[in-house]
Every structure is written in structure tokens, then in C-alpha cells.
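Colleague: This is what each chain is made of:
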Amino acid sequence: MKLPNKQNSMEEAIAHVKDGDTVMLGGFGVPGTPFALIHALVRHGARDLPIIKNDANEPDMGVDHLLQSGLVGRLITTHLGLNGHAIELMNSGKIKVEFNAQGILAERIRAGGAGLGGVLSDIGIGTELAEGKQVIECGGKTQIIEPALRADVALLHAARADSFGNLAYVATAQNFNPLMAMAADCVIAEVETLLPLGGLAADHIHTAGVFVDHVTELGALSEEYTVVQR
Amino acid sequence: MVARAAREIQPGMVVNLGIGLPTRVVNHLPADFPVCLHTENGLTGIGPTLPADQADRNLIDAGGAYVSTIPGSAFFDSATSFALVRSGRLDLTMLGAFEVAANGDLANWKIPGKFSPGVGGGIELAQKARRVVVLTTHTDRAGNAKLKDKCSLPLTARGCVGRIFTDMAVIDVGPDGFHLIEAAQGVSVAEVKEATGAPLTVPNTTLPSF
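Quick mapping for you: the protein sequence lines, in order, are chains A and B.
According to this note's numbering, numbering within the first sequence proceeds without interruption in unit steps and concludes at 230.
According to this note's numbering, numbering within the second sequence proceeds without interruption in unit steps and concludes at 210.
Just so you know, these hints were derived from the structure itself, not from any lab.
It is possible that some hints are incorrect.
Said to hold, decoys possible - Partial pick of chain B residues on the chain A-facing surface, computed with a CB cut under 10 Å: (1) D61; (2) A62; (3) G63; (4) Y66; (5) A79; (6) G96; (7) F98; (8) E124; (9) A142.
Unchecked claim - Straight-line alpha carbon distances no greater than 27 Å define the calculated DSSO-like cross-link-like pairs of lysine-lysine that follow: (10) A:K133 x B:K114; (11) B:K114 x A:K94; (12) B:K193 x A:K133; (13) B:K114 x B:K148; (14) B:K150 x A:K141; (15) A:K18 x A:K141; (16) B:K114 x A:K96; (17) A:K18 x A:K94; (18) B:K148 x B:K193.
Stated by the list, open to error - Listing some non-contacts, in silico: residues in chain B with all C-beta distances to chain A over 12 Å: (19) A3; (20) Q10; (21) V35; (22) S81; (23) D105; (24) V119; (25) R130; (26) L155; (27) D176; (28) F210.
Here a beta-carbon is modelled for each residue, glycine too, at the ideal position from N, C-alpha and C.
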């Protein structure tokens, strides 16, 4: 037996994104953000894309290109503090932003990837973040129902992969990537090093390839991946 | 104030230092001090901050600063990172504040119409860390009290703050409101009271200074 080969070109992989698709983007700041896939998505030009991403990167970096392109109407996120562009788009009403508590966003995605309907939590009770949310009594406590999140497409970044799509991340580039890898109908991973089957030791794999649909190898990394000079 | 706040960290603790002033607390810990620093983006065992020319592009803290690992550091995903926070493994968090109320309510994430970048991990840290201490200037730039009877800004979490370190004083939040614990050198009790926007209980004994 041999595991299937999911290696694909970036353009062919990104062509799976359709108008109106919900797109998850891995990354927390620079680490783990799929910068090359984001550029490919902007070139592809699919419109009305709700985006789910922890943050909005920084001006002229990563998801900011998507926001500025007008292809995104809605952003589900936790924090935009490093991207003044994104805050301007939000304040002028050009994009709708839904803020989640960071760990709750992670759990909603994890639930989506685990085939669950949602999670219960008391995070944000008594604050405006809980306003309008459904609550239930469970275990003697008032709990907010946080619905699971799934996407049509997830765009991920990993350091290493094999041709079946097994992924390994490095350092703080892990963040939302392994959660989103399980929570989308079509999962596309850009990787810095693509190895043949067996190139990744089975116990060094963070995301099992069974969750991944397309894996595409990056060439030389662009400047966006490098250390940000502030 | 930052040096005084560093003494709040006890050996063996798991600690999360919020963005801004709290991040600087680490500079006041001895190099061999036994503590596990956590950052929301998926690291326990944060090592020293690095300049850009020595930085690892994949290794940042939640504020985007380039940090390093130390022997025993561990990386994990965002769900695991907040599982740690919500399940009570975080002994202490140090956060900034726009306002703290006498009942321990904290507002530090939104000024409607002016500043609304999103809450990030702040709600979970404030609501679930075993102990929440705040580092802040005693008053805002216009001289208004940040310690108040009631927060006027949107809350981060209710009744969460245990202690406040400011440039003027160390103040505890008790069941009956603010208690003065220490005053900064050269700052009088009257000055602290004047700058505090809610009743302040002052001990009968001599007040330590820092």
C-alpha cells in the first residue's frame, strides 16, 4: 500500500476557492501565516469571502492584502491591534468584524473540526462580548453557547510536510494551524520543505495528512516571512 | 513600580505577562529565578527578548516581540494555550488597565469610538488566572483617576483584580474596596487619596514604601 500524493501547485490548489466561501487562515502575527497562499487568493479573485483569522497581521502584510483588495466583507477575529488599516476599514463600515475571545475562537474551530455543534463556556459573561449570545444552565452554572466554526477552505502554513500532507510546525508558528486543518472542507497547506513519504517521522507529525487536501511547496520565502523590523 | 511588581512573582509560579508595562517585569527577575512564563500564542518557558538581528522569525510572544526559548520550553497550539488559562493552571497574570473599579472590575480593551482593536486573550486571562494584578499609571494622561468607584468603559471581566501596582502606590482590592498597602517613595498618603477616584482604606500602622 502507498499513501496518496496530494502535492499540487499553488494556483491549482487555490482555484478551489469559490465566491462566498468562508476561508480560515492560520497564523498569529507572522509565524504560521500562509503569506504566499494569501497572495494567490488575491490573484485568484474570488469575492465575498468571510475570513476567519486570529489577527489582521500588519499593514501591507498577509491578510491586509485581502482586506484592502475588497474581496472580504466579514472578518471573524480576536485582535486587530497591529493593523491600523484593518481598524479603519472596520470603523468606516467597509468590513464587518466579529471579535471573539482568543481561546474561544480556538475552541469554536476545534469543535468544528471535531464534528461537534459548539462548546459551552462562561468566558465574557457580564461583558458586552456575551450580549446577544444564547446561554443555558449546565452543571449548575450559566454557560454561553459558542457555536462551532467550520470553513469551506483553510489556508495553512507549515515548516515541513510529506506528499500525503502530514504537517509539522515549528516554534510559535503552530497557533491556529492544526485546529483549522481539521475544520474546513478543503485544506490547503503551503510548506517550506516538502519531503517524500517517510521523510517525516510518524511521531513528529502535528497534523495528520488525512485532514489535508493539497500540499504545495514554497520556493524562496518572500520578505513577509522574515523578521519584522519595527 | 515594575521592580516592585516583580516581587509579586513567587518561585514555581506559571505567569502570563500582558502587553505593555507588564512585559518589562521580567527584566527584574534574577536569571536563575524558578518561574514558568506563558504566552498566549503557544509557548511556556519564555526566554529573553531578542533584537531583530538575532531573532527567530517563527518565535514571538503574543505582543509580537521576538523572544527565545530556555531549556524545557514547550510549544503548543492556541486551543491548548487557552486550555491552560481557563482550567486554572495560570497562577498569576499581570495586565494593563484603562480603569479598575473598587469591586475589582477591570476595563482594558475598548474605548468606544476611539480604541477598539479587539479583546484578544485578555478576557480569558482576566477571568481565569488564579490571581490578577494590574500595572498602570495611577491617573491617565489628562490626570483623571484610573481607580474608580465603577468602570465607565466596557468591562474585560468582573471582580477579577486582586492588586494594583501604580507609579504612586500598591493597592489591594478587598471585599470593601481599595486598600492602600504601600506608597512610592516621596508620595504621601494624601496625594494617593487625591489621585484615587474611590474611597481608599489606609492602615493605622506605618506605611511601607517602595
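Colleague: Check the structure against each numbered hint from earlier and tell me which ones fail, lowest number first.
Modeller: Hints 6, 7, 9, 12, 15, 22, 23, 24 and 26 contradicted; others consistent.
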